[in-house]
Amino acid sequence: MIAETGLAALWLAAAMAMLQLVGGLTLLRGEGKLTPLIKPAALVQGALCVVSFASLMWLFYVTDLSVLLVASNSHIDKPLIFKLAGTWGNHEGSMLLWVSVLSLSGAAIALLEKRIDTRTLNATLAVQAFVALGFFAFLLFSSNPFERLVPAPVEGAGLNPLLQDIGLAFHPPTLYIGYVGLSVAFSFAVAAMLTRQVGPAFARAMRPWVLGAWIFLTVGITAGSYWAYYELGWGGWWFWDPVENASLMPWLAATALLHSVSVLATRNALRAWTIMLALVAFAMSMAGTFLVRSGILTSVHAFAVDPERGSFILALMLMYTSLAFLVFATRIGTVKQGEPFQIVSREGGIVANNIFLSVILAIVLIGTLYPLAAEAMGDKISVGPPYFNKATAPIALLLMVALLLGPMLRWRRDDLKRHKYWLVGFFAISLWTGVAIWRFVPGVGIFPILGLALSLALAVAAWVPLKGRKLLRTPLPVFGMVIAHFGLAVSVFGMAAESGFSRETLTALAPGESAKVADWQVKLDDVRPVVGDNWVAIEGQLIARKGGKKFTLRPQSRQFYRPEQQTSEAALLTRWNGQLYAVIAQPDENGDGRWQVRLWWKPFVTFIWFGGLLVALGGAIALLGRMFRRPKKPAVNKWARA
Amino acid sequence: MNRPWLLWLPLTVVAFIGGLAIYGLVVPKDDMVHSAMVGRKLPEFALPPATVGIEGLSNRDLADGKPRLLNIFASWCIPCKAEAPYLEALKKSGAEIDAIAIRDKPEDVAAFLAEFGNPFRRIGSDSEMAVQLKLGSSGVPETYVVGGDGTILYQHIGDIRAEHVPMLLEKLREAQ
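Note that the protein sequences, when read in sequence, are chains A and B. Taking my numbering, the leading residue of the first sequence gets 2, the next gets one more, and so forth. Taking my numbering, the leading residue of the second sequence gets 40, the next gets one more, and so forth.
Because the hints were derived from the structure by calculation, they are not lab data. Predicted model, so just to flag it, every value in this text is computed and none were measured. No residue lacks a Cβ here, since even glycine has one placed at the ideal position from N, Cα and C. Treat the hints with caution; some may be incorrect.
[To be verified] For the chain B half of the interface with chain A, some residues (derived, Cβ under 10 Å), not all of them: (1) Pro-49; (2) Ala-113; (3) Glu-167; (4) Met-168.
Chain A with its partners taken away, still in its complex shape:
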């Protein structure tokens, strides 16, 4: 009965969404009779989705194998945490999670949002219901998560072993919450265009949602990168895989949006551009979902691939984005130009930030879609890391340069002479670092040198906005900005150090033999079989020595059954200045008792993810500040008036 309850709740929730949409349509022709129903419908829709999702989770918890989805994605012997994670570790469940989060955010808007007028609020809820309806239809007609299986099997197929990892169990929901947060920004933007309320009040209402979505995306991407790094065993932290790009593109758009929405909220400028970014950001998260779920591009991540579902998501994506851009093209012209500003100003800095982020986004989008375009013209090619690295690195470095100065500038107009000491200081730090590396470490590429030099300058520059402020009276969003920018410096430092100074050794060792990587002497001590919950593995015992200290690493090559698959579990030795990374593979084929061992020394590689988390922490602090700030007196900022 649980499955049927879940399905019924899903149908009813879809009906509520329909009611919201119809209510919204009557709103367009003046205040309709159904308008008062919009808010309650949003609340009920949210509650019904919770019931539906909880039902599915329960089915996974008790491993009800008479449900097709559970039988094909779970197994009676699986550890409980992965049984629960199995709820969203598959196509149907993740789509149900998607729509549930969407509905819950609708309910939250209905309940909490007080910054915009009722008309725009109702329109927002109607647009949201319109988006949700597409996904309800998708679930109910093409991907029913509650479908029964007769007869029920005895054990169940299991979960993709690559996904049986605690990090990954929580990776998709994190990204999804980010994607869905962007859908809320999208609804706000469309609603504001429809009701002609594009202005600071709308921007202030949208800002926390963008910020929230952006925090989750940041955490999701950081976690995903670390997962790929230690689980795939290839020793890299970013592959420019279509699936990775799928989450990076909305992040880039959301980062640009986050900055431009601040300009709109505080200075009432960049109106059309902010709306445009809100639409692009959500289009990118839909495109991401489509790329991942349709199998249209070849990816190292093996996901459930199904052209029929791909077509459905594509149809939804094209419908929402083209309708939204149609509204944009016809309506935005009627939006008044915002307040003017000069090029050297905080706005100017944020415009530079937006341009650089948009260019990176375009590069990634073109690179991701190019194989598809080339195929349409009869060529078969793949675009690899060399293209992405070479094309994005210079722009990313320019973005860093803009970041050095931007946060110090005043709103509306500023004078560069006022900042000449800082400018000279940053230039000196960068030059000194660059020359020092170039002089003393041979063979380092230009991008790692520039990256290190700029990241050191930025690590200092990030704190400058706090100078001269009374720390206790400084608003939380300023602290948030400082920490996020400092986190970016930390992350870029890690990336540059890793790409410039990594050392790699590929070798075949018999037990007792040693290999060297960087300053480390690594001996293969022993190889033995080990048995886990649902896998068997060979485990190498490696003794790593450096400067009289001794550490043990145990990399594994795992063989999963149900379904059969091989994974390598890298062993990581973390020091403050980097990681020693070891992978063991199956024995050499010529049978001389040697084992393939790959060793890397990756200096400061942990800074990449630590920096990413700092960026997200900065966002979280800013969000707290926005949620719990004291009401401002209107006279504090004369530019903030609508």
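Given chain A's structure and the hints, the job is docking chain B onto it.
Same frame as chain A, now just chain B:
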């Protein structure tokens, strides 16, 4: 807004991407990455030696009037070890083989050749996979049949097994 046509640009981009995606879904998919270079001249490249004692490789070395095989390998690649005996066999049957070592180091290449034999005339070192990408090759190992004028005639993806040896010899003979 002075330029209203600009407002329609996003919609146009969406339509273009949508068209591409529809094409990608409708047209049946061939997951093997075949080089678009088959039937064309080799791209220009000049690679330094991959190890001591063996010369590097440029596209001109492959256009000296004699058809040859171009093997793409790496010392760290396990299938490359599996195909080593068949490259030896091809060489014994009279095939001339040049090679490109991908992301490799001189000492590793030397160790690989010492262990598995050296069927190669020249070995270029492609440390950044730049030439590999130019050739339209997607992985190691791969083997190209190159005509005497430097035209790529055939691309073999994956390791060479016993059953591929006569086929490759036949392709070389056809290229004469």
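Are any of the numbered hints broken by this structure? If so, which, sorted upward?
No hint contradicted; all consistent.
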